[in-house]
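Colleague: Chain by chain, the residues run as shown.
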Amino acid sequence: MFDFAIAGIQSPVFLLVLTGLTVGIVGGFIGVGGGYMVTPALIVFGFPGYMASGIDVTHIAGKSVVATIRHRQLGNIDWTLGLAMVGGTMMGVEWGVRLLNMTKKAGVSGIALLSATVVIMLSLFIYTQIETRKAHKQIEEREKSGAHLGREHKATRLPEYFQKIPLFPIVRCHVARIVISMWVIVVVGICTGLLAGFFGVGGGFIRVPALVYIIGATTHIAVGTDLLEIVVSGGYGALRQSMSGNVDMMAVLFMISGAMIGAQFGALATSFVRGPAIRYILSYSLILATVGAFMRLGYLMTGGQYEILSFAAVVFTLGEMIFLCLFIMSLVIFAARHKAGKPVPNWIPSLVVKD
Amino acid sequence: MDDYRRRETIKFIVWTVLSLALVFYICYEYYSGEMISWYYYETSTTGYAVDVNTFKDATKDKPMKLEIVQAAEIKGLQAVPVKKGDRLPKNANGVISKKDVEEGKRVALEGNTLKVMVPSQIKEAKGFKYRDTYKHKGVQTNPWSGVWNVAVILALGFCLGTMAEGFTGMLGMKVKKIKHYEGGH
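If you read the protein sequences in the order shown, they are chains A and B.
For the first sequence, this note's numbering assigns the number -12 to the initial residue and increments by one for each residue that follows.
For the second sequence, this note's numbering assigns the number 173 to the initial residue and increments by one for each residue that follows.
Keep in mind that the hints were calculated from the coordinates and are not lab data.
There could be a bad hint or two in this list.
Over 12 Å on every C-beta distance to chain A, these chain B residues come out as not near it, computed from the model [as the list claims (entries may be wrong)]: (1) Thr181; (2) Glu201; (3) Thr218; (4) Pro235; (5) Val290; (6) His308; (7) Ile350.
Derived pair list, reagent style DSSO-like, types lysine-lysine, alpha-carbon separation capped at 27 Å [what the hints assert, rightly or not]: (8) A/Lys341 to B/Lys348; (9) B/Lys183 to B/Lys351; (10) B/Lys351 to A/Lys326; (11) A/Lys329 to A/Lys151; (12) A/Lys151 to B/Lys351; (13) A/Lys92 to B/Lys351; (14) A/Lys341 to B/Lys349; (15) B/Lys271 to B/Lys237; (16) A/Lys329 to B/Lys351; (17) A/Lys329 to B/Lys349; (18) B/Lys351 to A/Lys341; (19) A/Lys326 to B/Lys348; (20) A/Lys121 to B/Lys351; (21) A/Lys124 to B/Lys301; (22) B/Lys256 to B/Lys309; (23) B/Lys346 to A/Lys326; (24) B/Lys234 to B/Lys256; (25) B/Lys234 to B/Lys301; (26) B/Lys309 to A/Lys92; (27) B/Lys277 to B/Lys287; (28) B/Lys287 to B/Lys262; (29) A/Lys326 to B/Lys349; (30) A/Lys92 to B/Lys256; (31) B/Lys237 to A/Lys92; (32) A/Lys329 to B/Lys348; (33) A/Lys341 to B/Lys309; (34) B/Lys295 to A/Lys92; (35) A/Lys329 to B/Lys271; (36) A/Lys92 to B/Lys271; (37) B/Lys309 to B/Lys262; (38) A/Lys131 to B/Lys351.
Bear in mind that the values here come from a model prediction, so they are computed numbers and not experimental data.
Yeah, the Cβ is synthetic: ideal placement off N, Cα and C, and Gly gets one too.
Kindly produce the complete structure, drawing on both the sequences and the hints.
Modeller: Structure representation (structure tokens):
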């Protein structure tokens, strides 16, 4: 147990490092900060709610720098796209926070917010699942016909519509190989930032699908570029939280020491897989987070009558982190086996790369 | 050892030293009390500055009494009257607001003492329960501590990230750029 003087609690260091490690793996792989997983974990470890949010967002900012450096090395970052989006994201986050305060004043309760979170995450999960399954099937068919398969495959034509919008100025994103109106990038940044600010999350789970399905980036580039965005938005969030005194730097330090190792593994793991594998993990993380949020919603809607729902939500959220980590690790192990010519399950070859 | 590995080894050593220096600096600031004095900086409400740790075991049946004193430092079970915007006395880590005292549910004024009956309450954040104490209540953090926090954490992230990059390079694991557009797309 460690005595956190600022937070005013005693908490086990090992669990903080472990949380950082698991969220680092998941975040480095699917390009999310993991706030929806870390905040409940910190509350379980005894941190007050406001401190949990502050510590979470500050550790996310630091961890995202670590992951961004590795993704830059892997060539997964489109700086033009990322920097063009930053302004819109910041504006969106600020509007989102103001909108949240307005709705709170208007008497919209946490139940309404949590319900909206569930609906949005569920919709994203359904769309991502349908598209990824379709893409997965198409890869399998092409593999059977002997075609040489690339790193990415998408079964959607949605980005083409957005890339055709002829609004000046037009931006050329060299790494992502996209030519698109600056306004589309800014509006996507504003919308995803708005949702992130409104729901009090980093926004990676909204921004990664938006970068893939609206902007048209490959999944790997979406992940890397999103982590760059999180450095900025997380840094801004950390600044706001720190100025309110909601951050205990020692807790952040312990978490980031685990996250540093996790983020390395998560980022490097992307080099073993194809785009649809990342999208699968992203969609599973979305549905698991939705189930956790649904349990909390049930707990709030019953007026806190059924303690078991709150407890189940905590257990589920912690279990989710471990499940996603194991899933990512197994993908890497299977990819390595496949590369070595060893037998792997039938669904693996189309999700991993051999060379 | 080839040139690449030698370069990466130097990179790893340099960034490890910088990372460790930063970690030691954070720990020093934390344990010397410098960071804490930035956090528990000034009051954002009128009430009584207290050291929350001294009365955390108080209950309704066994309340704890804080002596009201005018002092620059809190020693044990003491409470210092403060106005909004005042610099917090040394060892203070929370403020019991005047409103709370007037309500008398958690804390009551008895002559020259404050009787604490409910030092913590169970609250909820995002559907999860947590124990909410007077710690950090009614406290205004020095805004520069926010800038310091962000600068330090981004610098630490950069040092650790570059150190890790050097580490894999030192082991001879040359990370190649992903060929996003090779093959069918």
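Colleague: Would you mind marking each hint as holding or not holding in the structure?
Modeller: Here is how each hint holds up against the structure:
no., hint, verdict
1, Thr181, "holds (17 Å)"
2, Glu201, "violated (8 Å)"
3, Thr218, "holds (18 Å)"
4, Pro235, "holds (20 Å)"
5, Val290, "holds (16 Å)"
6, His308, "violated (6 Å)"
7, Ile350, "violated (5 Å)"
8, A/Lys341 to B/Lys348, "holds (15 Å)"
9, B/Lys183 to B/Lys351, "holds (26 Å)"
10, B/Lys351 to A/Lys326, "holds (17 Å)"
11, A/Lys329 to A/Lys151, "violated (45 Å)"
12, A/Lys151 to B/Lys351, "holds (26 Å)"
13, A/Lys92 to B/Lys351, "violated (50 Å)"
14, A/Lys341 to B/Lys349, "holds (15 Å)"
15, B/Lys271 to B/Lys237, "holds (18 Å)"
16, A/Lys329 to B/Lys351, "holds (24 Å)"
17, A/Lys329 to B/Lys349, "holds (26 Å)"
18, B/Lys351 to A/Lys341, "holds (13 Å)"
19, A/Lys326 to B/Lys348, "holds (17 Å)"
20, A/Lys121 to B/Lys351, "holds (23 Å)"
21, A/Lys124 to B/Lys301, "violated (44 Å)"
22, B/Lys256 to B/Lys309, "holds (12 Å)"
23, B/Lys346 to A/Lys326, "holds (18 Å)"
24, B/Lys234 to B/Lys256, "violated (30 Å)"
25, B/Lys234 to B/Lys301, "holds (25 Å)"
26, B/Lys309 to A/Lys92, "holds (22 Å)"
27, B/Lys277 to B/Lys287, "holds (10 Å)"
28, B/Lys287 to B/Lys262, "holds (21 Å)"
29, A/Lys326 to B/Lys349, "holds (18 Å)"
30, A/Lys92 to B/Lys256, "holds (24 Å)"
31, B/Lys237 to A/Lys92, "violated (37 Å)"
32, A/Lys329 to B/Lys348, "holds (24 Å)"
33, A/Lys341 to B/Lys309, "violated (56 Å)"
34, B/Lys295 to A/Lys92, "holds (20 Å)"
35, A/Lys329 to B/Lys271, "violated (70 Å)"
36, A/Lys92 to B/Lys271, "holds (21 Å)"
37, B/Lys309 to B/Lys262, "holds (16 Å)"
38, A/Lys131 to B/Lys351, "holds (22 Å)"
Checked against the numbered hints above, the structure breaks hints 2, 6, 7, 11, 13, 21, 24, 31, 33 and 35 and satisfies the rest.
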